[in-house]
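With the hints as extra help, turn the sequences into a complete structure.
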Amino acid sequence: MTFDALVYQGLIGVSLAMYLWLLAAGLTIAFGVLGVVNFAHGSLYMLGGYFAFTYYLTLEINFWLSLLLAALSGAAIGSIMERFFLRYIYHLDLAYQILLTFGFVLIFADAARIFWGGIPLIPPMPEVFDSTVRIVGRPFPVYNLFVIFVGIAASALLWLLLDKTSWGETVRASASDREMAGALGVNIPRLFTVVFSFAAMLAAFSGALGTPVRAMTPGIGTSVIIDVFIVTVIGGLGNLPGAFVGALIIGLMKAYGVLLFPDADLFMTYLIMALVLLFRPKGLLGGR
Amino acid sequence: MDGWTTLTKTRLETRLALAAGAALAVALLAIPLFGDYVIWLTANMLILALFAVGFNLLFSFTGLLSFGQAAYFAIGGYVCAKILLAVPSLLLGIVGGLLAAGVAALIIGFLCVRHTEIYFAMLTLAFGMMVHSIIWKWRSVTGGDDGLVGVPRAPLEIPGVLSVDMADLDRYYYFVLVLVSLGIYAIWRVVRSPLGLTLQSIRDSESRVTFSGLSVRKYRLIAFTIAGLASGLAGALMVPLGRSASPAIANWTFSAEPVIATLLGGAFTFAGPIVGAFLFYIIKEIVVIFTGYWMMTLGIIVVALVLGFRGGVVSVVQRHLLPLLARRRNDTGERR
Numbered sequence: 000m001t002f003d004a005l006v007y008q009g010l011i012g013v014s015l016a017m018y019l020w021l022l023a024a025g026l027t028i029a030f031g032v033l034g035v036v037n038f039a040h041g042s043l044y045m046l047g048g049y050f051a052f053t054y055y056l057t058l059e060i061n062f063w064l065s066l067l068l069a070a071l072s073g074a075a076i077g078s079i080m081e082r083f084f085l086r087y088i089y090h091l092d093l094a095y096q097i098l099l100t101f102g103f104v105l106i107f108a109d110a111a112r113i114f115w116g117g118i119p120l121i122p123p124m125p126e127v128f129d130s131t132v133r134i135v136g137r138p139f140p141v142y143n144l145f146v147i148f149v150g151i152a153a154s155a156l157l158w159l160l161l162d163k164t165s166w167g168e169t170v171r172a173s174a175s176d177r178e179m180a181g182a183l184g185v186n187i188p189r190l191f192t193v194v195f196s197f198a199a200m201l202a203a204f205s206g207a208l209g210t211p212v213r214a215m216t217p218g219i220g221t222s223v224i225i226d227v228f229i230v231t232v233i234g235g236l237g238n239l240p241g242a243f244v245g246a247l248i249i250g251l252m253k254a255y256g257v258l259l260f261p262d263a264d265l266f267m268t269y270l271i272m273a274l275v276l277l278f279r280p281k282g283l284l285g286g287r
Numbered sequence: 000m001d002g003w004t005t006l007t008k009t010r011l012e013t014r015l016a017l018a019a020g021a022a023l024a025v026a027l028l029a030i031p032l033f034g035d036y037v038i039w040l041t042a043n044m045l046i047l048a049l050f051a052v053g054f055n056l057l058f059s060f061t062g063l064l065s066f067g068q069a070a071y072f073a074i075g076g077y078v079c080a081k082i083l084l085a086v087p088s089l090l091l092g093i094v095g096g097l098l099a100a101g102v103a104a105l106i107i108g109f110l111c112v113r114h115t116e117i118y119f120a121m122l123t124l125a126f127g128m129m130v131h132s133i134i135w136k137w138r139s140v141t142g143g144d145d146g147l148v149g150v151p152r153a154p155l156e157i158p159g160v161l162s163v164d165m166a167d168l169d170r171y172y173y174f175v176l177v178l179v180s181l182g183i184y185a186i187w188r189v190v191r192s193p194l195g196l197t198l199q200s201i202r203d204s205e206s207r208v209t210f211s212g213l214s215v216r217k218y219r220l221i222a223f224t225i226a227g228l229a230s231g232l233a234g235a236l237m238v239p240l241g242r243s244a245s246p247a248i249a250n251w252t253f254s255a256e257p258v259i260a261t262l263l264g265g266a267f268t269f270a271g272p273i274v275g276a277f278l279f280y281i282i283k284e285i286v287v288i289f290t291g292y293w294m295m296t297l298g299i300i301v302v303a304l305v306l307g308f309r310g311g312v313v314s315v316v317q318r319h320l321l322p323l324l325a326r327r328r329n330d331t332g333e334r335r
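Protein chains in written order, with numbering that gives the first Met the number 0: chain A, 0 to 287; chain B, 0 to 335.
FYI, nobody ran anything at the bench for these hints, they're computed from the structure. Bear in mind the structure is a predicted one, so any value in this text is a computation, not a measurement. Cβ atoms here follow ideal geometry from the backbone N, Cα and C, with glycine treated the same way. There could be a bad hint or two in this list.
[What the hints assert, rightly or not] To give an idea of the interface, some chain A residues facing chain B are shown, with a C-beta separation under 7 Å as derived from the structure:
id, residue
1, Leu58
2, Glu59
3, Tyr87
4, Tyr95
5, Gly102
6, Ala108
7, Thr221
8, Leu265
9, Phe266
10, Tyr269
This is the structure:
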């Protein structure tokens, strides 16, 4: 691989990693605070993408506003999921949580088919981004740079929100000891609804961000969720910085894998997931 | 509840189970009278029943949630397909698929049983998707996303003993019926054996079993391998039925089918997954008459089951129907 290909694919990989990071951050926060493994997280990504498509192309709303509206729509769906369904199964076995969220995977997939049809949808690129810049002598799409920028900005915002605000403190307190936080006056049921819809919002935003470049299909939720699981497992379940590292590893793996070992790229990502689970079950950044 | 009612209840339960079993046997034997479509549908039900009973041995009787059972189903199916495409012998294909799935489950299980709960579920998922990616990408052997088509439903031949042509669907149906019954009976014997009791005590209290000097991992591995064999047999039986193997049977979403069947019929019972497998297809048949959106309906059913009827159909019968019957018998007994 030549140097320019190395840099080019590296940047592509980092932009891929940003979608995964936004998704994995949501899954990680929901798992850390609520203890729920949400199989429908990938489906929320898909819905976010479709919503952005509808707002931007069908309703002809400004691109930026479409992104925001799509993320908020995801948050709304997330709050309904938590308030009326997930809330009743926190005390149950893991299997029931997985099954309940899997039920939503099926419902969302068919809902997408009803509203948007089965054909993959890609809206045209917004004019602001419809150009390339030359990086190491090659034309690189501006939109991918924008995605990298958004991903990093979102990480900074997330860090500020969780580490520097009192709300973030409440969230972290509830993640480490739910009962104690409740005893100290935190309204746990309400916090759970807010945290879950926040996680759903991150997934929907990731999907919305991907619409101009990544095709949406009703089946995409089931393949995206596997990537997100790989990322969160590599970082350690519930470990937010770990999820960022995991997203970078898998994003770069996918970008270089296409060039280096196109037949084994999928296999390699699953292999990494299994190896981490076997030898470092708490994740690369977690302790043994 | 005093001992006497418990006794009558269990006796009644046994009788009812026997009666239901006999009725089911007669119905299953009579299925070929209803034409090819019903035969095909029932064969699918039987295969899902075996698949789900194997999953349930792990889930309800060992306490392990596997999300990668599709891998062994697919290995059984693809190995059977490759053998049938090379050698036209049904028995060889089925046995080959069964053994390949068993060996794969033994190797992968050896690694997976180091963990429990979510880590076990994630590991089985990772290995399951590895198998899926191999089937998806190794086009020259597996046909990639096209799968393997035109697999012959070869005759059942044992040289010098018997030779049965399987071109007729009803003959193949009886073959599936016999093998699925044998497979489910074998797992029933396992559940009732000292091995089955050990598995259930591991599920209830891992540390106590460790203290009594047994290797928990070894028993979990045995359960995993048996479940893998059941999945492999189910997969191997599926391929000659549809004369093809598709990569969809290796995807993780396919692993959810035995989970749903088990929940539908009732987890923590032996008959639950069997009842659930039949219900799965019956509900599907009814739903597709009214709407093209089977997945959404299934999703709503799954959500409703988890929120409202976690015991499934079998436990509803056990908890509400049986006491009703038992009470009526007591009443008549007093009158006499």
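How the hints compare with the structure:
1. Among the interface hints, the one on leucine 58 of chain A is violated; its C-beta lies about 25 Å from the nearest C-beta in chain B, farther than the 7 Å criterion.
2. For glutamate 59 of chain A, the interface hint is violated, the least distance from its beta-carbon to any beta-carbon of chain B being 29 Å, above 7 Å.
3. This hint holds: tyrosine 87 of chain A has a C-beta 6 Å from the nearest C-beta of chain B, less than the 7 Å allowed.
4. Interface restraint check for tyrosine 95 of chain A: the shortest CB-CB distance to chain B comes to about 5 Å, inside 7 Å, so the restraint holds.
5. Given hint, glycine 102 of chain A at the interface with chain B, holds; its Cβ is 4 Å from that chain's nearest Cβ, closer than 7 Å.
6. Interface restraint check: alanine 108 of chain A against chain B, minimum CB-CB distance 6 Å, threshold 7 Å, status holds.
7. Using the Cβ-Cβ criterion of 7 Å, the hint placing threonine 221 of chain A at the interface with chain B is satisfied: the shortest such distance is roughly 5 Å.
8. Taking 7 Å as the C-beta cut-off, the interface hint given for leucine 265 of chain A holds, the closest approach to chain B being about 4 Å.
9. About 4 Å separates the beta-carbon of phenylalanine 266 of chain A from the nearest beta-carbon of chain B, less than 7 Å, and the hint is met.
10. The restraint placing tyrosine 269 of chain A at the interface with chain B holds, with a minimum CB-CB distance near 4 Å, inside the 7 Å limit.
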